[in-house]
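2 protein chains.
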Amino acid sequence: EIGIRDYQTSHRTVQLPGLINIAAFVPGLVTRDSDDLQRVTRASVAAGFSMIRVMPVGKDGSISDVKSLKVAQQNGKRGPYCDFNLSITATSDNAHQISHTAGEVGSLFIPFNHLSDNISKVAAVEAHFDAWPTHKPIITDARTTDLASILLLASLHSRRIHVTAVTTKDDIKLIALSKAKGLKVTCDVSVYALYLSQDDYPGCSLLPTAEDQAALWENLGVIDVFSVGSLPYQLSHFLGKPADATVGISEAVPLLLTSVAEGKLTVDDVRLRLHDNPRDIFELHDQVGAGVEIEVGREYTLKPETWSPFGGRSLKASVQRVTFQDQVVCLDGAVLQVPPRGADMSTHGALPPTSATVS
Amino acid sequence: EIGIRDYQTSHRTVQLPGLINIAAFVPGLVTRDSDDLQRVTRASVAAGFSMIRVMPVGKDGSISDVKSLKVAQQNGKRGPYCDFNLSITATSDNAHQISHTAGEVGSLFIPFNHLSDNISKVAAVEAHFDAWPTHKPIITDARTTDLASILLLASLHSRRIHVTAVTTKDDIKLIALSKAKGLKVTCDVSVYALYLSQDDYPGCSLLPTAEDQAALWENLGVIDVFSVGSLPYQLSHFLGKPADATVGISEAVPLLLTSVAEGKLTVDDVRLRLHDNPRDIFELHDQVGAGVEIEVGREYTLKPETWSPFGGRSLKASVQRVTFQDQVVCLDGAVLQVPPRGADMSTHGALPPTSATVS
Ligand SMILES: [Zn+2]
Ligand SMILES: [Zn+2]
Ligand SMILES: [Zn+2]
Ligand SMILES: [Zn+2]
Ligand SMILES: [Zn+2]
Ligand SMILES: [Zn+2]
Ligand SMILES: [Zn+2]
Ligand SMILES: [Zn+2]
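For the record, the sequence lines run as chains V and S.
Heads up: the first sequence at position 217 corresponds to 204 in the numbering used here, and the numbers run straight through without jumps.
Heads up: the second sequence at position 22 corresponds to 9 in the numbering used here, and the numbers run straight through without jumps.
Simulated from the structure, these hints should not be mistaken for laboratory data.
A couple of the hints might just be wrong.
The list treats identical chains as one, so a pair stands whether inside a single copy or across any two.
Unchecked claim - Pairs of lysine-lysine residues, derived as DSSO-like cross-links and limited to a Cα-Cα distance of at most 30 angstroms, are as follows: (1) Lys54 <-> Lys171; (2) Lys108 <-> Lys64; (3) Lys46 <-> Lys156; (4) Lys57 <-> Lys303; (5) Lys160 <-> Lys251; (6) Lys171 <-> Lys290; (7) Lys123 <-> Lys57; (8) Lys123 <-> Lys54; (9) Lys160 <-> Lys123; (10) Lys171 <-> Lys108; (11) Lys57 <-> Lys290; (12) Lys290 <-> Lys54; (13) Lys57 <-> Lys168; (14) Lys251 <-> Lys46.
Computed from a prediction, not measured in an experiment: that's the story for all the values here.
Looking at chain V on its own, in the form it has when it is part of the complex (with noise of 0.2 angstroms):
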């Protein structure tokens, strides 16, 4: 009888919507000629991602300047296989320049841990958050104390503000309190810090602690998004490895449907946090005729063409098919020989909503 059961391990097939990327990570962004955009894109919409927000930091600069937005407009040219938009970055200094690009970008990004130029006056934020219109999302990697600091000045200016990244038991639950108190606070989690820990490699402070690990998974509640994010690319640079463009992208879906065939997630969690709450967060639009199909509960080993930190892991979870404009695109990890489709999002929702309807 034990023998039938394992025989007859459920498979089934879920089917969620096309899913987004609130935080995809493209090396060569601001790099002329780069072709790092287009081959994330790609390598998204192999892995059910049919929409990317692209993180306006990129290896060599940021999109900080209407200059640097142009050349990541130029390079978001090169035939896109998924839909995407930019952002942009908020430096000490130019809180004005980014008013000019507020109608060609999907929102701003306040980085106090990213590269260059980190902000860390809160006069400089509070200058930001002048300049910027209300209705655009800010997004932020701020930690601990900054964190708080600029909790205070969204609260202050009763703006919304999205936390990217969190990875600590102390900024979660900063959070969690926040929240509770009516603050207009969402936040994401990295993919990589669910499934990673410093016990994996010890250290390794990108990762959370194996307790921090454990209270991101105990405020799951709290937890809006998942997220790619820099974290995959900035691991493999810290363990030495080939860092490639599109590192942690395919394992990201099959990693979250593994947890929903073990109980530790359900369909709904996943699609809340891959779809629902993305679109609902940063305005997106809706990607009709984008969709994801998973087979979830047959177990295999992950053997990746490129360096990953999970190549060898069990997963139960893989994507079959990825349909976007109401074409089939990618066949069991296969992407098909179609054109590339995608488009640049970014000036969808640059006005202020007429009315209150989620668009």
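Chain V is already provided as a structure; the job is to place chain S with the ligands on it using the hints.
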């Protein structure tokens, strides 16, 4: 005619109620058998302060548990010349301990910039907010992002918070913004910070820059209280001068009333910040029978007995008579031969107010 006007330079006598120093630094506070507290009360009453709130941080330790509180209480029994109250310092792990002392102290001090064991984790501060009785004051010396953190926590918990010894433009602006948005925050500025800057002592980061100082004066309406604070003692130490426990006390009122003589402040500005606001913010007992007479308008050169950065400076106000418990205790700067009659008022207001009236 010019001669006559010079001759007639208006001398006048200003009457003020017994003044309050909300931040008195006592070096030997938790040093067994120290007479620093007595000496500070004596210098205070001579300077017009009939009530002092003793900072819970001394030179060799702080009041942070029942044991250190007992030592300070014992030192407080050596015949204080004015009323005083004690407070307790938050440390990284004494949130529970302090809840046991709440009935015996005037307030909780959350230090970010004082000596040992500064608190930096939002979580630790959060624990103190939860452990400390809601009706009792909380004071902090937090700066920049730490200040923003604690203002956020105060906002989330709907708690009043007092920020002590503000010195920078950024901080006073953040407090101004917070007040404007309805946060229950109050603040004080050290008298030394109003009259000394880094232009006087280059490289001394204890003092505001000239620009910061100008911002403090411009934001006078945001400053609820003037204090003596630990700045005079720290400055002495920084300059390698003999740091007397009483440094900075005697100049406070003459400096402020000199600004009155020069038209930079009004008498009401001073009364509000050295009596009314301190009393209301910290729910202090009203001292009937305490008062100060100050001669304003006669110019003289300050020649202090112990070192002061204001030695040799031209002032236009002096404390002439101090009354305490309806008895004259000080005439023309000299303390009269009277028995010390101050009291430890720490338990005043220990119980939650029974009505909405301010006592
Ligand atoms: Zn302009
Ligand atoms: Zn503002
Ligand atoms: Zn959709
Ligand atoms: Zn829309
Ligand atoms: Zn206890
Ligand atoms: Zn709390
Ligand atoms: Zn009074
Ligand atoms: Zn009272």
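- prompt: What are the numbers of the hints the structure violates, in ascending order?
  reply: 1, 2, 4, 6, 11, 12, 13 and 14
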